[in-house]
Amino acid sequence: NAGVTQTPKFRVLKTGQSMTLLCAQDMNHEYMYWYRQDPGMGLRLIHYSVGEGTTAKGEVPDGYNVSRLKKQNFLLGLESAAPSQTSVYFCASSYSIRGGHNEQFFGPGTRLTVL
Amino acid sequence: QQQVKQSPQSLIVQKGGISIINCAYENTAFDYFPWYQQFPGKGPALLIAIRPDVSEKKEGRFTISFNKSAKQFSLHIMDSQPGDSATYFCAASVLGDDKIIFGKGTRLHILP
Numbered sequence: 001n002a003g004v005t006q007t008p009k010f011r012v013l014k015t016g017q018s019m020t021l022l023c024a025q026d027m028n029h030e031y032m033y034w035y036r037q038d039p040g041m042g043l044r045l046i047h048y049s050v051g052e053g054t055t056a057k058g059e060v061p062d063g064y065n066v067s068r069l070k071k072q073n074f075l076l077g078l079e080s081a082a083p084s085q086t087s088v089y090f091c092a093s094s095y096s097i098r099g100g101h102n103e104q105f106f107g108p109g110t111r112l113t114v115l
Numbered sequence: 116q117q118q119v120k121q122s123p124q125s126l127i128v129q130k131g132g133i134s135i136i137n138c139a140y141e142n143t144a145f146d147y148f149p150w151y152q153q154f155p156g157k158g159p160a161l162l163i164a165i166r167p168d169v170s171e172k173k174e175g176r177f178t179i180s181f182n183k184s185a186k187q188f189s190l191h192i193m194d195s196q197p198g199d200s201a202t203y204f205c206a207a208s209v210l211g212d213d214k215i216i217f218g219k220g221t222r223l224h225i226l227p
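Chains as they are written, first to last, in the working numbering: chain V, 1 to 115; chain D, 116 to 227.
Treat the hints with caution; some may be incorrect.
Unchecked claim - Residues on chain V that point at chain D, a partial pick, calculated with CB under 7 Å:
id, residue
1, Leu43
2, Leu78
3, Glu103
4, Phe106
5, Gly107
6, Gly109
Unchecked claim - Stretches of chain D that chain V covers, calculated by requiring three or more beta carbons in the stretch to come under 8 Å of a beta carbon on chain V:
id, segment
7, 203 to 210
8, 213 to 226
What the hints assert, rightly or not - Calculated lysine-lysine pairs in the BS3-like style (CA-CA distance at most 30 Å, straight line):
id, chain 1, residue 1, chain 2, residue 2
9, V, Lys71, V, Lys57
10, V, Lys70, V, Lys9
11, D, Lys130, D, Lys157
12, D, Lys130, D, Lys214
13, D, Lys172, D, Lys120
14, D, Lys173, V, Lys57
15, V, Lys9, D, Lys183
16, V, Lys14, D, Lys157
17, V, Lys57, D, Lys214
18, D, Lys183, D, Lys120
19, D, Lys186, V, Lys57
20, D, Lys173, D, Lys130
21, V, Lys57, V, Lys9
22, D, Lys120, D, Lys173
23, D, Lys120, D, Lys130
24, D, Lys186, D, Lys120
25, D, Lys173, D, Lys214
26, V, Lys70, D, Lys214
27, D, Lys186, D, Lys172
28, D, Lys130, V, Lys57
29, D, Lys172, D, Lys157
30, D, Lys157, V, Lys70
31, D, Lys214, V, Lys71
32, D, Lys157, V, Lys71
33, V, Lys9, D, Lys214
The set of hints was computed from the structure by calculation and includes no laboratory data.
Positions of the beta carbon are idealized from the N, C-alpha and C atoms, including for glycine.
The task is simple: from the sequences and hints, build the whole structure.
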């Protein structure tokens, strides 16, 4: 049982480049989330999904897109990376019953640097 | 207001001491208050959680104190150990909402 895994662990991009971060979970969770963590800013929700084929915006969605084509995978895309998107990105998943009251299981994070 | 305000931003405690982290909220609809612990280089993990129908919840050396009238809750770590050094996030959510709101985190360092 791998839990929540994220690919890649580290990435360096140049301004304007694009990339996709992959999150996978093997716990059959309905809900999946993408957060970014910046010093002094805590965890900020980018986008989330309450089930296969659904996505919704979080607190800081601009500059990111997401897709949930399979229940176990949640992809985060940066179409044109900017230095302001330098951050550590965390994916999380949870069961659907009781919504936000459920424990969120986090992946190990992806450290992204945009030059 | 959907914010959860957390303080202090950083905290240094001697080994064996009590670490106290405080959080405050405005939205009286919040009815679930978890705390997450994050070690360096790792993702956060649920540590302990409380619902507003109780004023205190204890799990080992970790205790959540909840003051509904003041809209405040706090995490107490008794007999703090160097292994407790981590970033702690308080959070809150509303039953029926799909999201939880995180505080900005407290970086705790326990001196050996």
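Measuring from the C-beta of V/Gly109 to each C-beta in chain D, is the shortest one below 7 Å? holds, 6 Å
Given hint D/Lys157 paired with V/Lys14 - CA-CA distance at most 30 Å: holds, 25 Å
Going straight from one Cα to the other, do D/Lys173 and D/Lys130 come out at no more than 30 Å? Status holds; Cα separation ~20 Å.
With a cut-off of 7 Å, does the beta carbon of V/Glu103 approach a beta carbon of chain D closely enough for the hint to hold? holds, 5 Å
For the pair supplied as a hint, V/Lys9 and D/Lys214, confirm whether the alpha-carbon distance does not exceed 30 Å. It holds: about 25 Å lies between the C-alpha atoms, which stays within 30 Å.
Check the hint pairing D/Lys173 with D/Lys214 against an upper bound of 30 Å on the C-alpha distance. holds, 25 Å
Does D/Lys173 sit within 30 Å of D/Lys120, going by the straight-line distance between their CA atoms? Given pair D/Lys120, D/Lys173 holds - Cα atoms ~22 Å apart, limit 30 Å.
Mind checking the alpha carbons of V/Lys71 and V/Lys57 for me, to see if they're no more than 30 Å apart? Holds, because 18 Å separates the two Cα atoms, which is no more than 30 Å.
Starting from D/Lys157, check that the Cα of V/Lys71 is at most 30 Å away, please. holds, 24 Å
Does D/Lys183 sit within 30 Å of V/Lys9, going by the straight-line distance between their CA atoms? With Cα atoms ~41 Å apart, V/Lys9 and D/Lys183 exceed 30 Å; violated.
Taking only the CA atoms, is the gap from D/Lys186 to D/Lys120 under or equal to 30 Å? holds, 11 Å
For a C-alpha distance cap of 30 Å, please report whether V/Lys57 and D/Lys214 respect it. holds, 11 Å
Of the numbered hints listed earlier, those contradicted by the structure are 2, 12, 14, 15, 28.
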